[in-house]
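Trainee: The residues making up each chain are set out below.
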Amino acid sequence: MILFLEQLLNGLQFGVMLFLMASGLTLVFGIMNLVNLAHGSFYMIGAFVAAAIVASSGSFVLGLLGALLATAILGIAVEMLIFRVLYKRDHLEQILATFGIILFCNEAVQVIWGKTPLFFDIPAALSGSVELLPGLNYPLFRIGVIGVGIVVAIFLYLLINRTRLGMAIRAGSSDREMIAALGVNIKLLYSLVFGLGALLAALAGVMAGPILSVESGMGESILILTFVVIVIGGIGSIKGALAGAVLVGVVDTLGRAFMPELMRMALSGGAADSMGAALSSILIYLLMAVVLIFRPRGLFNASH
Amino acid sequence: MPKQSYVSNPSRFSAVSQRLLPGLCGAALVLAGSSLLSTAVAAEPVKLGMITTLSTKGGYLGEDMRDGFKLAVEQGKGSLGGIPVELLVDDDAGDPQKGKQIAERMIKSDKIDMMTGIMFSNVAMAVVPSVLKDGLFFVGANAAPAPFAGKMCNPNYFNVAYQNDNMHEAMGEYLTQQGYKSVFLIAPNYPAGKDALTGFKRFYKGEVKQEVYTKLDQSDYAALISQIRADKPDAVFYFLPGGLGVNFLKQYDQAGMKSEVKIFGPGFSFDRRLLGAVGAAAEGVMNSSEWNDDLPAAGNAEFVQAFHTAYGRYPTLYAAQAYDAANLIGSALKQVDGKLDDKDAVRKALMAADFSSVRGSFRFNTNHHPIQDIYVRQVIKLDDGSYANKTVSKVFEQHQDAYVSECKL
Chain A
1 MILFLEQLLN GLQFGVMLFL MASGLTLVFG IMNLVNLAHG SFYMIGAFVA
51 AAIVASSGSF VLGLLGALLA TAILGIAVEM LIFRVLYKRD HLEQILATFG
101 IILFCNEAVQ VIWGKTPLFF DIPAALSGSV ELLPGLNYPL FRIGVIGVGI
151 VVAIFLYLLI NRTRLGMAIR AGSSDREMIA ALGVNIKLLY SLVFGLGALL
201 AALAGVMAGP ILSVESGMGE SILILTFVVI VIGGIGSIKG ALAGAVLVGV
251 VDTLGRAFMP ELMRMALSGG AADSMGAALS SILIYLLMAV VLIFRPRGLF
301 NASH
Chain B
1 MPKQSYVSNP SRFSAVSQRL LPGLCGAALV LAGSSLLSTA VAAEPVKLGM
51 ITTLSTKGGY LGEDMRDGFK LAVEQGKGSL GGIPVELLVD DDAGDPQKGK
101 QIAERMIKSD KIDMMTGIMF SNVAMAVVPS VLKDGLFFVG ANAAPAPFAG
151 KMCNPNYFNV AYQNDNMHEA MGEYLTQQGY KSVFLIAPNY PAGKDALTGF
201 KRFYKGEVKQ EVYTKLDQSD YAALISQIRA DKPDAVFYFL PGGLGVNFLK
251 QYDQAGMKSE VKIFGPGFSF DRRLLGAVGA AAEGVMNSSE WNDDLPAAGN
301 AEFVQAFHTA YGRYPTLYAA QAYDAANLIG SALKQVDGKL DDKDAVRKAL
351 MAADFSSVRG SFRFNTNHHP IQDIYVRQVI KLDDGSYANK TVSKVFEQHQ
401 DAYVSECKL
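Residue numbers (our numbering), protein chains in the order written: chain A, 1 to 304; chain B, 1 to 409.
Bound conformation, chain A alone (with noise of 0.2 Å):
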């Protein structure tokens, strides 16, 4: 029982980092209707910018901060250089030129900061394991990561719910054109949008920098669960991000703890691990796929 709830605040966390991820690109996504591909350089970047600033400030909220406005601006700039020409272009030139984009950031981060992963620590604050239930000790900086989830969540609601920009935002992801002729100011509006994602993503950078690898290409990994996410909880919906995400995490962490347990049951040892180990990761994309076949706009649909 203590190792089902363990676990389930493993899924829980590793939710949250993906509801970090998937917000934003859900957002870029359903209003501007662009495939990004590139969302997971901001990821990276943002871990990257935030190691850096640790490393020589000593400060975990310093390098937040850093990273936080620095990835906001470069997702600003890069959306108004790169992304404006390549709205109107259909889905296949969006995925080549952001794929492209990640290989230049990827070589990027390489030349600046060198091919070793960097050094990025648990803050002394956060550090250690709070006792949560008798029997079950949880690390303080992964209850953080749940508890940054939840603020974040509450003020996307609030934005998208109760602000004039929200209410941009929301009429931008169900009728662009509409919007764009009641006198909205498009451009200003991707703009804003662009660069919060980029920051949500920066922030999950930042909070995933001191549990893995601080090294290129990190943000591929998380790349394709976010679309998991994002299409399983509808495209330009953030409750549906919300809800994709969690059940995604869940899921996954779910799977891969006990799925080789109970292939125990049914088979025997080293056939059983194998087959677990198969079995659990395609678990997400079957879960993906029983969603669609159910309802094939996903879970809550935004143009609707």
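Worth flagging that the hints you see were computed from the coordinates, not collected in a lab. The structure displayed is predicted, hence computed values, not measured ones. Backbone N, C-alpha and C fix where the C-beta goes; we use that ideal spot for every residue, glycine too. Don't take every hint at face value.
[What the hints assert, rightly or not] Per the computed footprint, the stretches of chain B lying under chain A, defined by three or more beta-carbons under 8 Å from a beta-carbon of chain A, are:
{"hint": "1", "region": "110-121"}
{"hint": "2", "region": "146-155"}
[Stated by the list, open to error] DEER-style ranges, computed between Cβ atoms:
{"hint": "3", "chain 1": "A", "residue 1": "S127", "chain 2": "B", "residue 2": "D384", "range": "21 to 27 Å"}
{"hint": "4", "chain 1": "B", "residue 1": "Q101", "chain 2": "A", "residue 2": "R162", "range": "55 to 61 Å"}
{"hint": "5", "chain 1": "B", "residue 1": "G385", "chain 2": "A", "residue 2": "G128", "range": "17 to 23 Å"}
[To be verified] Sample of chain B residues facing chain A (criterion: CB under 10 Å; computed from the structure):
{"hint": "6", "residue": "L54"}
{"hint": "7", "residue": "T56"}
{"hint": "8", "residue": "K57"}
{"hint": "9", "residue": "D220"}
{"hint": "10", "residue": "A223"}
{"hint": "11", "residue": "L224"}
{"hint": "12", "residue": "H399"}
{"hint": "13", "residue": "Q400"}
Chain B: place on chain A using the hints.
Mentor: Leaving out everything else, chain B in the frame of chain A:
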């Protein structure tokens, strides 16, 4: 239409050729003479092709391989064993297909004389057989998949590093020696991961609690760590190369597990560059390697110092292996006086391994893979706050790989 008229009028054709013949002969003589002259005066440098991985996540590995090799060439002022060499290096990006293209280009258009390098086993499996088929010698400096040591062994293939299973075997032996009764095994779900655990189990005599194969792109190991905690094994052995290992070890330490269940791994996850990224999380961890910067072998301390002076960082295992590969090639070039045409002589010279390895005692087995000592090292913190390995004990003396009996050489 002059061409047509030649064909229709054979007499005219022969007349032309008769007039041309002396001129052609003269030209041929001049050409032959000049080529004789050039070989006699300044010997063309021996062209060595190195395929390694310089971009992508694995890029730092290849960087060290290249720099270790280059150091030996620079120490010889552009020569190895007194024979001038030209080193061509190219990046396979960890992609077997790309490796094959580079090999073809190096052989066909650059006309290299010998090939070396290759970081990853999947690239080696794709590239090496075609290099050997073209009649070149291949001196491996890292990747050493089992087939090349066994059934697919080849008279012109040498590997100076190890056989892939060796470090894992050493850890299995060490855990048995130290009396760890049960172990939890972790490796990525790909061929090299399975080979690693097979190698470990070949020498581990205790109980294997679980054998977990993780996804190759998995970065979060929280679920796995919870599982280890619930399983309560005596020890954990993991093979997660590069960044995967950094992720795992950081998370293992953050979960407070390092003091609960001792953790062991092959030296790949504990070279000095990765230690810089992992930091305190690695302190105290035991790992296996055939080389370390503190080994007392003649020339080792000088190598470490020279590498640091040249590149501003400390060498890894990959640099040491490449340095040895360069010196092995140098010793062979010296013995055959730079003449690579006599394959038997070159083979004999390589096989003799008449060079001073920074690892100490080194010789080739009949399958052209090393017979060497393998050590256990511990990660320690140095006075300057950085982390390094300290050699603790020798696990294997004159160890040979498990596939040598399958090789008919």
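Trainee: If a hint holds in the structure, say so; if it does not, say that too.
Mentor: Right, here's what the structure says about each hint:
Under the rule that three or more residues need a Cβ within less than 8 Å of chain A, the assignment of the region 110-121 of chain B is violated, with 0 such residues. Counting residues of the region 146-155 of chain B whose C-beta sits closer than 8 Å to any C-beta of chain A gives 0, which falls short of three, so the coverage hint is violated. Distance hint check: the CB atoms of S127(A) and D384(B) are about 23 Å apart, consistent with the given range 21 to 27 Å. Under the hint 55 to 61 Å, the C-beta atoms of Q101(B) and R162(A), about 57 Å apart, fit the expected range.
Checked against the hint of 17 to 23 Å, the pair G385(B) and G128(A) passes, with Cβ atoms roughly 21 Å apart. With 10 Å as the threshold, the beta carbon of L54(B) comes within range of chain A, its nearest partner Cβ sitting at about 8 Å, so the hint holds. The restraint placing T56(B) at the interface with chain A holds, with a minimum CB-CB distance near 6 Å, inside the 10 Å limit. Interface hint at K57(B): satisfied, since its Cβ lies 5 Å from the closest Cβ of chain A, which is below the 10 Å cut-off.
With its C-beta approaching chain A no nearer than about 6 Å, D220(B) sits inside the 10 Å limit, and its interface hint holds. The beta carbon of A223(B) is positioned within 10 Å of a beta carbon in chain A (closest approach about 4 Å), and the interface hint is therefore held. Because the beta carbon of L224(B) sits about 7 Å from the nearest beta carbon in chain A, less than 10 Å, this interface hint is met. Of the supplied interface hints, the one on H399(B) is violated, with its beta-carbon coming no nearer than about 26 Å to a beta-carbon of chain A, more than 10 Å.
For Q400(B), the shortest C-beta to C-beta distance to chain A is roughly 27 Å, which exceeds 10 Å, and the interface hint is violated.
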